[in-house]
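Take a look at the letters that make up each chain.
There are 2 protein chains.
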Amino acid sequence: MRQAGRYLPEYRAVREKVDFLTLCKTPDLAAEVTIQPVDIIGVDAAIIFSDILVVPEAMGMQLVMEDGNGGPRFPAPIRSHAQIDALPVPDPHSKLKFVLDAIRTTRNNLNNKVPLIGFSGSPWTLATYMVEGKGTKNFRHIKELIFSYPKDAHFLLDKLARAVAAYLSAQIEAGAQAIQIFDTWGGVLAQEEFEEFSLQYIRRVLSLVKRSGAPAIIFCKDCGHSLEKIADSGADVVGLDWTIDIGKAREMVGSYVGLQGNLDPAMLYSTPERIEKGVQSILKKFGKGRGHIFNLGHGVLPDTPFENVKVFVNAVKKFSVQYH
Amino acid sequence: MRQAGRYLPEYRAVREKVDFLTLCKTPDLAAEVTIQPVDIIGVDAAIIFSDILVVPEAMGMQLVMEDGNGGPRFPAPIRSHAQIDALPVPDPHSKLKFVLDAIRTTRNNLNNKVPLIGFSGSPWTLATYMVEGKGTKNFRHIKELIFSYPKDAHFLLDKLARAVAAYLSAQIEAGAQAIQIFDTWGGVLAQEEFEEFSLQYIRRVLSLVKRSGAPAIIFCKDCGHSLEKIADSGADVVGLDWTIDIGKAREMVGSYVGLQGNLDPAMLYSTPERIEKGVQSILKKFGKGRGHIFNLGHGVLPDTPFENVKVFVNAVKKFSVQYH
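Protein chains in written order, with numbering that gives the first Met the number 0: chain W, 0 to 323; chain X, 0 to 323.
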């Protein structure tokens with residue numbers, strides 16, 4: 000999950016100078032905030048600082064990021080076949096060069112201290128943002144697209160799969176040592192639609208990416224119902240949100256993929272004692288052996304006390320020794 | 000799920016005269032909008048028009064319902080042991096008399112045309128609203144309560160379980176022929192916490208309610224991971240959201256509980272053809288036999304075209320004959 004962020008005073012210091020998108024697009028600064036959690040909280044890997052919505056932006060959609068209220072917006076969301084038809088599959092080496100430069104700079108500055116992870120949104124999750132245009136509770140427009148105009152939905156998702164595959168290939172080429180695909184909105188679909196409109200395109204991406212040995216982590220939020228299919232998608236590692244029991248997940252799929260997760264990020268609002276107990280509980284559920292990447296079950300939440308993130312990382316290091 | 004609502008012109012006509020809470024608290028009007036969907040769209044049962052938040056209000060919390068922006072609010076949310084301590088377990092016969100009167104009037108006006116369902120929020124879901132005070136994405140305060148002050152959380156949930164049980168018993172006594180418990184927020188918890196802070200108290204409610212033969216429907220949204228435990232809670236029927244495959248659910252628990260659900264309500268934004276196809280697909284997944292109450296997987300969404308709700312109900316009636 001994104002590691003840099005507002006909970007870090009050092010991150011906030013950088014953000015006082017530049018807005019969010021400028022930070023994403025300034026490789027030196029993106030590299031700086033990418034490395035902050037490695038130095039400050041001692042995580043075992045870095046994940047490049049960026050945003051999944053730079054891909055739709057690279058496809059020509061105007062992206063507005065406003066601090067505080069409402070989150071990111073596309074003022075002209077996709078609502079017609081003509082708009083989908085007009086979307087290019089962008090060349091990441093020109094349109095997303097800033098991410099690749101940030102990866103190169105980060106790798107250089109990390110100097111092999113820890114590995115660097117690249118990432119992208121899944122085609123379905125990107126399509127959801129592009130069609131809704133802003134935050135939504137009901138997913139009216141994207142669902143109208145898949146239910147009433149499934150051919151157009153597939154037309155859009157196919158383009159996105161190719162765009163995401165090219166983007167992830169370029170990230171690996173630039174130095175990313177693993178890639179992660181975030182399917183934030185897979186869980187709003189019924190199982191059949193998840194297969195048809197989300198997982199199918201994740202599989203497609205994985206088949207197209209030039210991996211060069213870089214493992215792929217697939218994280219589909221609220222998709223526990225399809226755990227076996229996700230594990231069978233070509234993923235090397237499956238990310239688990241906190242609602243899945245990692246012990247049961249290991250029983251089901253742990254012999255052929257690694258598992259990443261899965262402490263409830265809201266537990267970091269709690270006390271050091273409770274966080275340590277939570278970490279131990281997950282380690283115990285996974286049990287002894289290899290194949291577990293300890294992580295939160297989603298990103299660090301707003302207003303999480305910085306000290307508690309450190310408590311979490313230290314607890315993982317301390318207690319995992321006897322299991323991993 | 001709530002059947003009356005903004006999609007019905009006849010409901011909007013009533014709401015032009017009174018605000019939402021006044022509608023809940025005026026038995027004649029509540030009965031009128033409860034019966035509207037029976038007459039207009041032809042559903043096979045009515046569910047009393049009310050809101051789950053009348054219970055915290057009956058416990059002394061000020062409730063603000065504003066149309067349009069932001070949803071319901073408790074301006075003074077629960078944030079201390081002293082506040083929990085001060086909450087009474089209300090006598091529904093005085094504090095929630097308006098609901099009981101609405102049930103009596105509705106039963107009288109329905110004249111046994113279709114059965115009437117009463118309902119309540121689950122203790123966990125009510126606690127979430129009471130502690131957060133307003134809509135939330137991160138559930139910071141309720142999770143801080145369970146993780147940092149679990150004893151206080153149990154103190155609150157125990158009171159709520161007793162309040163809900165008394166309320167549901169009174170609804171049955173007033174004429175409700177079935178009851179439904181809505182656990183809207185069970186799915187934000189990990190499995191262990193779902194058991195400890197939500198399902199345990201649903202079980203408690205079910206053990207305390209004087210059912211007098213009225214069946215209990217339990218609906219926990221996004222809790223597919225605990226389907227077997229929910230089915231084993233004392234429920235007669237388990238409500239399924241649309242992310243669960245009803246065929247698999249029937250295999251797992253269908254021999255000892257009925258299943259209610261589970262069309263994605265967003266499908267009603269689509270075309271009549273697609274809605275009919277969706278209905279047939281769910282009927283086919285459940286298969287032939289008894290024990291299925293067809294329903295949406297959640298409430299009717301805002302801006303759903305009225306005609307499509309009718310298409311849905313008619314499709315269920317038409318296609319279910321060969322299965323049920």
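Quick caveat, the hints were computed from the structure, so don't treat them as lab data.
Wrong hints could be hidden among the right ones.
Remember, identical chains collapse to one label, so a pair may be satisfied in a single copy or spanning two.
[Unchecked claim] Restricting the straight-line Cα-Cα distance to at most 30 Å, the calculated cross-link-like pairs of lysine-lysine (BS3-like) are:
1. Lys283 x Lys96
2. Lys136 x Lys276
3. Lys112 x Lys96
4. Lys283 x Lys317
Tested hints:
Proximity of Lys283 and Lys96 under a CA criterion of 30 Å is satisfied in neither setting, with 43 Å inside one chain copy and 50 Å between copies. In this assembly of identical chains, Lys136 and Lys276 lie within 30 Å of each other by CA distance solely across copies; the values are 25 Å between and 33 Å within a copy. Taking the shortest alpha-carbon separations for Lys112 and Lys96, only the intra-copy value of 24 Å comes in at or below 30 Å, while the best inter-copy value is 67 Å. In this homomeric assembly, Lys283 and Lys317 come within 30 Å of each other (Cα to Cα) only inside a single copy, at 13 Å, whereas the closest approach across copies is 51 Å.
When each numbered hint is compared with the structure, a violation occurs for hint 1 only.
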